[in-house]
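Asker: The residues making up each chain are set out below.
There are 4 protein chains.
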Amino acid sequence: MKKFALMGAAGYIAPRHMRAIKENNCDLVAAVDPFDSVGVIDSYFPDASYFTEVERFERHIDKLRKTNGKIDYFSICTPNYLHDSHVRLALRNDCDAICEKPLVIKPKNLKYLKNLEKETDQRVYSILQLRHHPAVLHLRERYKDSAEKINIQLKYITSRGKWYQYSWKGDQAKSGGLALNIGVHFFDMLTWIFGEPINNFVEVNTADTVSGLLELEQATVEWFLSIDKNNLPKHAVETQQTAYRSIIIGNEELEFSGGFADLHTKAYEEVLRGNGFGIEDVLPSLSIVHEILNKREKEL
Amino acid sequence: MKKFALMGAAGYIAPRHMRAIKENNCDLVAAVDPFDSVGVIDSYFPDASYFTEVERFERHIDKLRKTNGKIDYFSICTPNYLHDSHVRLALRNDCDAICEKPLVIKPKNLKYLKNLEKETDQRVYSILQLRHHPAVLHLRERYKDSAEKINIQLKYITSRGKWYQYSWKGDQAKSGGLALNIGVHFFDMLTWIFGEPINNFVEVNTADTVSGLLELEQATVEWFLSIDKNNLPKHAVETQQTAYRSIIIGNEELEFSGGFADLHTKAYEEVLRGNGFGIEDVLPSLSIVHEILNKREKEL
Amino acid sequence: MKKFALMGAAGYIAPRHMRAIKENNCDLVAAVDPFDSVGVIDSYFPDASYFTEVERFERHIDKLRKTNGKIDYFSICTPNYLHDSHVRLALRNDCDAICEKPLVIKPKNLKYLKNLEKETDQRVYSILQLRHHPAVLHLRERYKDSAEKINIQLKYITSRGKWYQYSWKGDQAKSGGLALNIGVHFFDMLTWIFGEPINNFVEVNTADTVSGLLELEQATVEWFLSIDKNNLPKHAVETQQTAYRSIIIGNEELEFSGGFADLHTKAYEEVLRGNGFGIEDVLPSLSIVHEILNKREKEL
Amino acid sequence: MKKFALMGAAGYIAPRHMRAIKENNCDLVAAVDPFDSVGVIDSYFPDASYFTEVERFERHIDKLRKTNGKIDYFSICTPNYLHDSHVRLALRNDCDAICEKPLVIKPKNLKYLKNLEKETDQRVYSILQLRHHPAVLHLRERYKDSAEKINIQLKYITSRGKWYQYSWKGDQAKSGGLALNIGVHFFDMLTWIFGEPINNFVEVNTADTVSGLLELEQATVEWFLSIDKNNLPKHAVETQQTAYRSIIIGNEELEFSGGFADLHTKAYEEVLRGNGFGIEDVLPSLSIVHEILNKREKEL
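Protein chains in written order, with the numbering used here: chain G, 1 to 300; chain P, 1 to 300; chain E, 1 to 300; chain X, 1 to 300.
You can trust all of the hints, since none of them are fake.
Here are the in silico distance ranges between beta carbons for each label pair:
(1) E23(P) <-> S43(G): 22 to 30 Å
(2) I198(E) <-> D262(X): 50 to 58 Å
(3) D47(X) <-> F260(E): 22 to 30 Å
(4) N294(G) <-> S146(E): 53 to 61 Å
Residues from chain E that keep clear of chain P, each with C-beta distances beyond 10 Å, as calculated:
(5) K2
(6) K22
(7) N25
(8) P46
(9) N68
(10) R123
(11) H138
(12) T158
(13) Q172
(14) A243
(15) E252
(16) G258
(17) A261
(18) E280
Simulated from the structure, these hints should not be mistaken for lab results. All residues carry an ideal CB built from backbone N, CA and C; glycine is no exception.
Generate the whole structure from the sequences, applying the supplied hints.
Answerer: As structure tokens, then:
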């Protein structure tokens, strides 16, 4: 039974990781979060040790390191800007790391992780959950040998309240901004299916909306991402929906309304089988976002 | 439309307050919590201002104070030991306060709230949600004029994982300990129905289990509270239940398995109607717990 | 013997306040700071109660409020952006407030303090220590009835290391930036001596240097403020000095090398005599800085 | 020129470390402390990078690791309970660690540091500054070959204000309590001079006073440590002294009033020469304190 330690236990996404650990018949041994509203642990692993400070957590992990109770994997779902540091904590404690997206905020930091992977002989895995979605897998199969370049319209509006800009998610240095925090899923999915980026034009780039034109090897993508409810289409507003997601590939709307519930579990399953996505896999999407951010800075 | 500000927005119980505000057709204008995982706000009041620091929250409240946007009520669901200070913040900003249980940790601190209520001409309300439960209301009616003293067995085991003792809930100075944090609901319910405490014997008093014998005007209560799963009865363990609740009054088991979902909404409804429970109402149950804690200290 | 409570006890400037309280034969009863490296208290008031949380501090203050031990004054030396909220805490606890500069970051927030002063019948004092400096008092006397407009060159370079930009002082929203955090002393001194601002031109405005031309009723001031050591004059560098201060009024260099040690004590002395500087006194200098900041934003 | 990183830059003792680095002609490259009142850096190393979060500090250290700018030593002066975790951070970043006393709170944790020293081929040094004091060196020389057992009376009263018990120093789990936080210096000095502990009787053990009888190979020590000013001798009170230190060895009072100023510098000098004190050196004094603490628990 593989043993896990989890960093970021009080956050929004932590329960998905706990569930994935549980559903893959593994054990959560220790968890850490400075915020102690972690009652959700009881639904999964009440016997897990819990710490409010990383240092005390680290002491516990280090003590287990040379025993039968040694941790195998860290699950990392802390705020984005802490990811790579927490990944290194895992590796240096002889553990593999399974990290929420984005693995790093600046792509140039990937090389430090790569080096440490080699030095420690441990592995870094990134959760790229859309790659496990049946509709996405289906698409990838379908366009595998496609010769012509296809047109794609991607529109994703998921309204967020005022709190968003006053949380770490609204702090560019901590989250990487909208394009990274929300967009990276789609950029990863698209490059995975349609190939490497060739051109990358940014049209709008504000705190709540980013859009542009992205040319990939096999597709040209008009994309629009927003957390501003004013961008919701009329019919969404009328039916009191707060999110709108549309991906039109060629002339077909991608059916994408369900199938999200257990993607973390599938991602963990692949990692445990030795098929997880690693450092190289995140590079294309992170590079696209990094370009978007740089363009913004130049334009100002 | 009454306007609310909420303190403790990231905590476990905050969504019940948001829902209660919503279901009573009121508005949440501002919220604060040092921990910024507050996405739940989006489900209720995305336009609410959000702050990670009490000082910035206070500035916002003070600015609204002399305008049409003035806040009417504070909803307070921060860690227990902060309650009375946050209640005073409400009162001093010309707002009424609706506060989670327990209003204070030490009953002697109630008088400071009482004085400030008078000085500011504002009101302090405590959420005593079991008093709105239909089964409890029914009991109260039934035993209203009962002359004989009835025997009650109360057993409440709700297992909590290791995290509990490393969170503020496990810190006696911050939560008031098990008897206060979990027991106060029952002590309040029992005194409300069966009258003032006469005698109070404590049998067990550890970090995870407290029990004793409580004599009220109209009842003698054997009570047992625990967060240790080893105290769960066999049948609960066998059916994988993590909580067990039993109240036997006379020879009848109180049917108490449902009806909890909307008690905060009912509590708010009564407050808005002018019928909320105030400072005096919490005194009996807080006094019982305080005695329990004192007995512990004496015995050591 | 007047009784004080101090907010911001671990900060750089706190010992000046403790000393001022001591040297004016007053008592420090309570202190608060989230950072607990407050051993300096022992040199002045070892019997002072100490709290790491504002809420617990507030409970203590409120308890004393109706007793012989009532606090008379709050000394506030927390980070700038918290000042006005902490001043309100003082006033609402029936105490006067003695606050470090700047009283507020945005001048429009002064009116809320003014209103609360009236409502609570308490007073707000601002530490404007240069006004107590003998050389400044002398200047004021000398130019009191001066008819002609005099030329002034003010140059203040006080080099700060990298840490500055990563502390709250480097965060515009928390400190008000260089012009406020360091410049406000000089703008206050100059307007106090030479009258109201008439024109205000900003030349340079970066994270580490601000400069401009300020026209006052009786003077035209070329000013230059910097925390960048590269702006130090050669002779300062050669003599390994890290700060350079020069004020030339007309053709005379203001002798300004000493006399700073006990200015807080003098400021407190005046407050205790009923002569402290209040809300109105800070308006001219804060308005100048606010204009500087606004110009910056417009120019970008 | 050796390169240093410093953890705990805002604390009381940090300036001694900065000075020691400076006076040994080394460079401070990076510093971290969650509390950002670190202006003292300017007096020593204004070009040092500064971080408020350990994770961002670690990223910086890791980036330098494979460059010419690689850090050689970590200086660790964080709260006691974090020491060993921060030492491991140093070692795992291919740096040696120079750590304030006590290296660990529980002696059993020394073995994890020892193991990691071997794994990483880095060294852990502990600051045991009294061993560099001329009077102590002299004593050691004098009693080196002494055959008879000598009687020692050690009395150290250093009064601390109320804040002490509300800071991490007053939290047994964070500081190790009085015997560790203040006493460890003396237990180290005594065992270094007079040999291993043989017997250890504890007489008083409260939050502010500990005393007992310690039998070493070559001495019998009556010791008394207190932070309660009521224990100060009359003449100290009369001369307004807040500390009293007396060590009587045989019939001679140890002259011990000066010579403390540069002990950190000397300690660093020895480390840089390869003569620093390591993990084994701290064991005797930590074991004595651990016994004292255990006795306390048993007696209660």
